[in-house]
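Q: Sequence:
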Amino acid sequence: FGSRRFRFKVRQGQTFIAARGARVRGTRRLRMASDEEPLEPAGKIPVTILTGFLGSGKTTLLNNILNDDSHQTRFAIIENEFGEIGVDDKILSERSNEEIIEVMNGCICCTVRGDLVVSLKRLHEKLAQFDAVIIETTGLADPAPVAQTFFVDDWVAQNYVIDGIITVVDAVHILARLDEEKPEGVENEAQEQVAFADRILLNKTDLVGKGPEGKDASESEKEASLVAIEKRLKEISPSVQPIRCQYSKVDPRQLVGISAFSLDRVLEMDPEFKNTEGEHMHDQRVSSVSRKFEGDLDLNTLNSFFGVLLQTEGANLYRYKGVLSVRGMDEKYVFQGVGMLFSGGFLKGASWP
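With this note's numbering applied, the sequence shown covers 1 to 353.
Because the hints were derived from the structure by calculation, they are not lab data.
What you are looking at is a predicted structure, and each value in this text was computed from that prediction instead of being measured.
Heads up, a few of these hints could be off.
[Unchecked claim] Below, simulated DSS-like cross-link-like pairs (lysine-lysine); rule was C-alpha separation at most 30 Å, straight line:
no.	residue 1	residue 2
1	Lys-182	Lys-274
2	Lys-121	Lys-274
3	Lys-332	Lys-292
Given these sequences and hints, build the entire structure.
A: This is the structure in structure tokens:
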């Protein structure tokens with residue numbers, strides 16, 4: 001694969017840590033999955049909208065798609081992060097040629113929605129270099145206004161078409177997200193993400209029933225929990241059968257090139273879908289905290305820090321992630337988590353320049 005890269009920064013920012021009570025804003029990235037001679041695409045360019053609440057596994061899924069050659073598709077990726085410092089663009093696969101567009105410092109469904117249109121227009125100038133677009137939204141985005149852009153903006157509607165909306169849900173936390181009470185006038189983003197989905201990935205099924213100190217639920221209890229979650233998801237989105245997975249591993253051919261989006265279905269569910277007069281409101285209790293610094297960290301001290309952080313504040317950590325440089329190691333150290341569920345380690349094949 002070649003190493004050529006084009007980069008457009010629409011706004012500045014990335015998200016390293018988002019604690020409870022913190023609001024997050026976004027970045028986006030474009031990439032191609034093949035070094036074959038590009039062909040001029042015919043007709044409208046298909047777009048996949050990848051959504052899901054904070055920490056559900058969207059970026060992991062995106063990496064899986066980019067690292068899989070079975071779909072034979074070259075993608076341009078638009079990444080949206082809520083915070084001021086982008087992290088996801090640092091950890092996407094480096095296997096393939098890529099174009100990157102980052103839509104930063106706001107949810108693409110509202111505050112930086114205009115930047116999405118600008119990004120799509122810039123992409124259209126490089127039609128021969130990709131076959132389709134994937135938009136990874138921030139975990140706090142309502143997919144409806146994003147999808148709406150492809151119908152209410154005449155230029156976008158003439159040149160792009162939605163292939164499908166893919167929603168990744170965290171099996172451990174999804175019920176709590178769906179039941180979360182929001183302030184008056186604020187929609188529950190997790191509910192909207194499920195309602196508008198053409199495909200639902202029920203991710204992290206291996207972590208359901210995991211208890212403290214190794215006291216895990218039995219297999220039958222885990223299965224009962226998963227069935228209950230699936231039932232709840234189908235109550236919101238009756239036409240979609242959730243796909244169980246771990247580490248967001250699903251055959252990409254089930255997710256892209258599927259022509260699954262139906263405007264008729266959406267209008268039946270939401271007759272006001274095309275109404276641009278409505279005001280989209282986010283939960284103002286949620287914000288982001290980001291930090292960027294230079295230097296290498298000691299691994300033992302880093303592990304001790306994370307241990308103390310989780311013991312003392314784990315229950316209050318809404319979402320956190322970051323990319324770090326560790327002394328004596330060339331590879332990037334990537335960490336992320338939701339609440340007490342923490343994962344961290346060196347990313348194979350991803351070295352600091």
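Q: Is the Cα-Cα distance between Lys-332 and Lys-292 30 Å or less?
A: Roughly 15 Å between the alpha carbons, so the hint for Lys-332 and Lys-292 holds.
Q: Would you check the hint for Lys-182 and Lys-274, treating anything up to 30 Å between C-alpha atoms as holding?
A: holds (24 Å)
Q: Taking 30 Å as the top limit, are the C-alpha atoms of Lys-121 and Lys-274 close enough?
A: Distance ~21 Å between Lys-121 and Lys-274 Cα, so the pair holds.
This entry satisfies every hint, going by the numbered hints stated previously.
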